[in-house]
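Colleague: Since chain A is already given, all that's left is putting chain B on it; use the hints.
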Amino acid sequence: MIRKIIIGGLSYQFLSTFLNIILLAFGTTIISLILVLNHAYNQNVIKDLKNIDLVVGAKGSSLQLVLSSIYHIDQPTGNIPMEEVKKLQNNKKIKSITPLAYGDNYQGYRILGTDESYLKKYDAEFTSGQLFKNNFDVVIGADIASIKKIKIGDTFYGTHGNLAIGEKHNDHPYKVVGILKKSETVLDYLILCNTNTVWLVHHPEQYSQDNNNIQINELTALLVELKSPSALMTLPREINTETPLQAAVPALEINKLSHLTGLGTTLLEGIAWSIIFLSALSIFITVYKRVQDRKYEMAVLRLMGATKYDLMRIILFETWMTTTIGYLAGMGVSRLGVWILQNKIITQTTLTIAYKFTPTEKFLFPILIFISTASVIIPMVYAFRLNISKILADD
Amino acid sequence: MLAKNEQIMLETSELSFTYDNKRIFNYPTIKCDRGQKLLIYGNSGHGKSTLLHLLAGILTPNHGQIFIDEVDITKLRYGKLDKYRGQKIGFVPQRLHLIHSLSVQDNILAACYFAKKKVNKERLHNISEELKITQLLDRKPQFLSLGEQQRVSIARAIINAPAVLLADEPTSSLDEKNSEKVMELLDRACHLDNTALLVVSHDDRIKRSIQLQISL
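Protein sequence lines correspond, in order, to chains A and B.
The working numbering applies: residue 23 is where the first sequence begins, and numbers increase by one.
The working numbering applies: residue 42 is where the second sequence begins, and numbers increase by one.
This is chain B alone, in the form it adopts within the complex:
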């Protein structure tokens, strides 16, 4: 059992995962405090995305514990885990995939709905201002530029004030300038609630933005 520390938002111990008894991933202990940024880097095939999925609770580890805001999510089952994920874990996937039939605002608020959290219009306003998407709220995602979609995706991930924000290769397909912009956005988003940020990437450019790093 890991020690309780209100500052620690994410903590793992002896985490391992096996794909079909063939590929075994053993992960080092990860600890990320409130407001801290952590980069997990490594080449393809080293289990970066698998780690992110384990931390998001969409894969179940073969061994080990994952504490998100003091709750061991490996012990949560079915609906409880889904609800906890919605409330405590923000996830920015590699590809943005917003729901095209919903407006930008509804895309963001859908996260509140599924996490069963009350919609806070003031928070939506603040996040929109911070990420400069206020003017886009009524638009449909298909009419947004890639950069705008990226900002909406981040807004969606942080609307529920998660304890941890997980980002999967957020800069992989971006040029230098846009890569910096995205990292700045993630930084700003996390700064709002002092959220712990964990980024997995093989992009060396990110190393400049995040000091705390773990190599896989």
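Here chain A stands alone, though its shape is the one from the complex:
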């Protein structure tokens, strides 16, 4: 019965109720999306930086170097000569070097030439198959395998560059020998092969060469792990000043980026909370007017045995229902947004956005309920103090 009365109350001023729901849903959507994206960003950034102290590449923008080499979301700054790589390999401050060689993509997914150490950095595990042994063997990230329905033994041709539309390398197909388990790291969206493969695709004259005789002259970048944190203070400067290479500290670059994007995020959050508070104000006005308009109905309910608390309960439940519908609509749109981002906009980047609730997002509903409840305290007190006798007498 109370449900019917509540629904009746909400439909009494349908447009106002609808406006409140829209405002709440809009605010919820923005806040939820910000929280989801922030969470995904932080999770991915941290995971993808694992065991990488330094990125070394061609001179240019240090942020671009980090973005392209670790997150694979920008163009590489250029190539680095192999003799410089060899010099670095002998540097005593360096624990390990992982080579990276770019060149091609498959339907927009980057094909990265590297070695086993790259997979070890992310504790990669195989769903099926094994690591690439021969040239043109590739290991596929979990999301690519799932989206493109690729299985072991499948072959495909790569396209030059980072864009799906481009010159196709029809000389030699890649062969899938391994599929990785989902790791929610960059691996999920990468196609991995050895560095020789990348070189051979662009130097087909060496196809016939024995593996040991293939002469790689350039790499794109190096992921460097240092022996001690103190080396981080000196080595980047050494490389930047004494070599034709550029060294970038990923943690510093990402901090700078986070600071820049954080300003926008804070502004958006502010706007979203303003919308939520606006909806709370709108709920207050709507409910207060509704209580005034329906005071005779409330008086009749009291005559039927409803207590003052029953009236407050009706107002509160009407408000909670509005809030819940607004919240659910907002979360629905937010998840739709996540789906669109994941499947239509950022399909070929490494940012993995989860549909599940983020830790902060779990507090959103209680906060909304608290705000909406606070907004109807005055109408509830008004209903509590209704003078039934006066209402019936004045009518």
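Wrong hints could be hidden among the right ones.
Unchecked claim - With the C-beta cut set under 10 Å, the calculated list includes, among others, these residues of chain A facing chain B: (1) Glu319; (2) Met326; (3) Ile410.
Just so you know, the hints here were simulated from the structure itself, not pulled from any lab data.
Please read these numbers as outputs of a predicted model, since none were measured by experiment.
Just so it is clear, CB atoms sit at the ideal spot from N, CA and C, and this is done for glycine as well.
Modeller: For chain B alone, kept in the frame of chain A given last:
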């Protein structure tokens, strides 16, 4: 303390009420037995509606006692009084004001819900038959005529088999013919459970229907 008598459904003693220490209403002793009809009449401003509100427990008297089915409702507080009102007092207000978002049936059953009484479908059926609203149960109140709304309002007031049915100026805005119809309806409604009926009105036409009368 008044004597216990199971036949007496409504009894007051030394009842008085003051509005802001200015207007003082002192009421005569009222006694109404099971199945009895009582008319309180008088001109406007003589405290008829105030008396009805006191009897319904929506105003608290400054002095005196009100016994409804042997319970002094002036001693009941908050939720207990509201629940007792829902269970023992039927109230037909001057203006009908049904809840428009609910069907006729739900308007009637809302009285059971708030009085925390179990819905008795058979009783609903009997009352609907008696008041000729069976065909209206699924309709929304806004689609009913005034007369139909009046019958629904009476059905709502008696669904919980109250000890007392209070009616506030039930015929004030009606013509002769409809006035008689309403009084007949109230009579029939009270006859179902032998409910005591107390009507306040300034309408002289009612005097023909109710023999027991108190003038204020």
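Colleague: Against this structure, judge whether each hint is valid.
Modeller: Structure-based check of all given hints:
1. A hinted interface residue such as Glu319(A) counts as satisfied when its beta carbon comes closer than 10 Å to some beta carbon of chain B; here the least separation is about 6 Å, so the hint holds.
2. For the restraint placing Met326(A) at the interface with chain B, the shortest Cβ-Cβ distance is roughly 4 Å, inside the 10 Å limit, so the hint holds.
3. Against a cut-off of 10 Å between C-beta atoms, the interface hint on Ile410(A) holds, since the closest Cβ of chain B lies about 4 Å away.
When the structure is compared with the earlier hints, no violation turns up for any of them.
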